[in-house]
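Colleague: Using the sequences plus the hints, can you model the full thing?
Number of protein chains: 2
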Amino acid sequence: MSHMGYGCLMPFDRDRVLRAAAALLTRKSTATMDEVAKAAGISRATLHRHFAGRDALVRALESLGIAECEAALEAARPDEGPARDAVRRLVREIEPAAGLLAFLYTENQLFEGEEQNEGWDRLDERITALFRRGQESGEFRIDLTPVWLTEALYGLVASHAWGVIDGRLAGKDFQYMIVELLLGGAARREES
Amino acid sequence: MSHMGYGCLMPFDRDRVLRAAAALLTRKSTATMDEVAKAAGISRATLHRHFAGRDALVRALESLGIAECEAALEAARPDEGPARDAVRRLVREIEPAAGLLAFLYTENQLFEGEEQNEGWDRLDERITALFRRGQESGEFRIDLTPVWLTEALYGLVASHAWGVIDGRLAGKDFQYMIVELLLGGAARREES
DNA sequence: CCTGTATGAGACATGAATGTCTCACATGGG
DNA sequence: CCCATGTGAGACATTCATGTCTCATACAGG
Chain L
1 MSHMGYGCLM PFDRDRVLRA AAALLTRKST ATMDEVAKAA GISRATLHRH FAGRDALVRA
61 LESLGIAECE AALEAARPDE GPARDAVRRL VREIEPAAGL LAFLYTENQL FEGEEQNEGW
121 DRLDERITAL FRRGQESGEF RIDLTPVWLT EALYGLVASH AWGVIDGRLA GKDFQYMIVE
181 LLLGGAARRE ES
Chain C
1 MSHMGYGCLM PFDRDRVLRA AAALLTRKST ATMDEVAKAA GISRATLHRH FAGRDALVRA
61 LESLGIAECE AALEAARPDE GPARDAVRRL VREIEPAAGL LAFLYTENQL FEGEEQNEGW
121 DRLDERITAL FRRGQESGEF RIDLTPVWLT EALYGLVASH AWGVIDGRLA GKDFQYMIVE
181 LLLGGAARRE ES
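These protein sequences, in sequence, are chains L and C. To convert, note that position 54 of the first sequence is 54 in UniProt numbering; the numbers rise steadily by one, no gaps. To convert, note that position 46 of the second sequence is 46 in UniProt numbering; the numbers rise steadily by one, no gaps.
Note that these hints are calculated values from the structure, not bench results. Since this is a predicted model, take the numbers as computed values, not measurements. No residue lacks a Cβ here, since even glycine has one placed at the ideal position from N, Cα and C. One thing to keep in mind: the hints can contain errors.
Said to hold, decoys possible - Some residues of chain C that are not near chain L, with every Cβ distance over 10 Å (derived):
| # | residue |
| --- | --- |
| 1 | 10 |
| 2 | 34 |
| 3 | 49 |
| 4 | 50 |
| 5 | 56 |
| 6 | 67 |
| 7 | 74 |
| 8 | 93 |
| 9 | 96 |
| 10 | 186 |
As the list claims (entries may be wrong) - Each pair of labels, with its calculated beta carbon distance range:
| # | chain 1 | residue 1 | chain 2 | residue 2 | range |
| --- | --- | --- | --- | --- | --- |
| 11 | C | 81 | L | 56 | 25 to 35 Å |
| 12 | L | 170 | C | 81 | 25 to 35 Å |
| 13 | L | 56 | C | 27 | 35 to 45 Å |
| 14 | C | 50 | L | 11 | 51 to 61 Å |
| 15 | L | 19 | C | 81 | 19 to 29 Å |
| 16 | L | 82 | C | 46 | 40 to 50 Å |
| 17 | C | 33 | L | 11 | 40 to 50 Å |
| 18 | C | 81 | L | 171 | 34 to 44 Å |
| 19 | L | 166 | C | 74 | 22 to 32 Å |
| 20 | C | 75 | L | 122 | 38 to 48 Å |
| 21 | L | 19 | C | 49 | 26 to 36 Å |
Modeller: In structure tokens, the structure reads:
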């Protein structure tokens, strides 16, 4: 009797909501369900209809991040050509998911319960295998373990993503800065 | 009239409490004040007598982390000798504070309010200057910016600290793995 | 021995986020 | 045109961490 109308309703788009949530939580990991809903342009009620709770939302983001990483890994063709080129392709393909990965990387509560997603293990295994292949082909040094190189890759991706968010780094340098540091290091090459 | 006794009282040791809090929060960044108190071996009341609230506790940890970093920087003598050796010393000296740094690195809420501690800026400036000095002396390549190298150093320190906590990496490799990757990279050197 | 200080234990109120619910309304298909 | 589905807005209870309080007890110094 009182309201004139509600205006247009926002149709629910799971993927759009997840990406909005990822973008917000990357900047503010303690954001409320209400803030997430507003950022996604839907009501808290609708958000809660599709994700049982905050845990379920974070789990969905985890699955999304794993899926994007696996897609990036597929697109990078880690078994083809020189390992260093495969790493280069992997970093390039993983850039769109960098923010989401940076958020998930800090959600250490994901790895507390027994129900940790085994997708991470699969990813770790495949990336580790890439670095191991580079070692066996003689491209990479053998004194840096593949496990550490994998961990360092995650860390550099997250670091660069935060640096971009905080305005200290330029987004366009993502692939170059990460790959050059990871593969070549900071020391200048000997002029041989 | 009912209790027989309270047992021994725990004398308050600010430094010990802060280190226990840092160790716990590094593993579980959402730990309760109650959990922090238990981890420190004191009661929640006492914890709250010395730190006005959770914010104050985190701020104190931030100050502690900055102080330890500055002490590490002093001990590393960043202006003496080759820049690569100074970086090596810096990583070695910073290792005891790695866990605390990893925690603070993810507390992005610290950088939201206007009251962000300017100690970080001082540290960034000094570490950046070290990398810039290495570039000017010809030791480091110039296509990786000092700001990025500084950011990467933080990221690698945090990554290794978490890898140790999760049991994927060995604590004794801290300095070697970080310095070798940061300075030398993963690619094998050309046999000249 | 007595006293002041500081702690531990626990009760209590407060506030925030969460989860559930109802109802009005918009949209699309029959 | 009518109905089913799905959304927005908001009320509501619940849970939990927080912050404050009181009181009994332990310890150190006089």
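Colleague: Each of the hints needs a verdict: does it hold here or not?
Modeller: So, going through the hints one by one against the coordinates:
no., hint, in the structure
1, 10, "holds (28 Å)"
2, 34, "holds (17 Å)"
3, 49, "holds (26 Å)"
4, 50, "holds (25 Å)"
5, 56, "holds (18 Å)"
6, 67, "holds (23 Å)"
7, 74, "holds (22 Å)"
8, 93, "holds (18 Å)"
9, 96, "holds (19 Å)"
10, 186, "violated (5 Å)"
11, C:81 <-> L:56: 25 to 35 Å, "violated (55 Å)"
12, L:170 <-> C:81: 25 to 35 Å, "holds (32 Å)"
13, L:56 <-> C:27: 35 to 45 Å, "violated (24 Å)"
14, C:50 <-> L:11: 51 to 61 Å, "holds (53 Å)"
15, L:19 <-> C:81: 19 to 29 Å, "violated (49 Å)"
16, L:82 <-> C:46: 40 to 50 Å, "violated (60 Å)"
17, C:33 <-> L:11: 40 to 50 Å, "holds (43 Å)"
18, C:81 <-> L:171: 34 to 44 Å, "holds (36 Å)"
19, L:166 <-> C:74: 22 to 32 Å, "holds (26 Å)"
20, C:75 <-> L:122: 38 to 48 Å, "holds (42 Å)"
21, L:19 <-> C:49: 26 to 36 Å, "violated (45 Å)"
Going down the numbered hints, you'll see the structure goes against 10, 11, 13, 15, 16 and 21, while the others check out.
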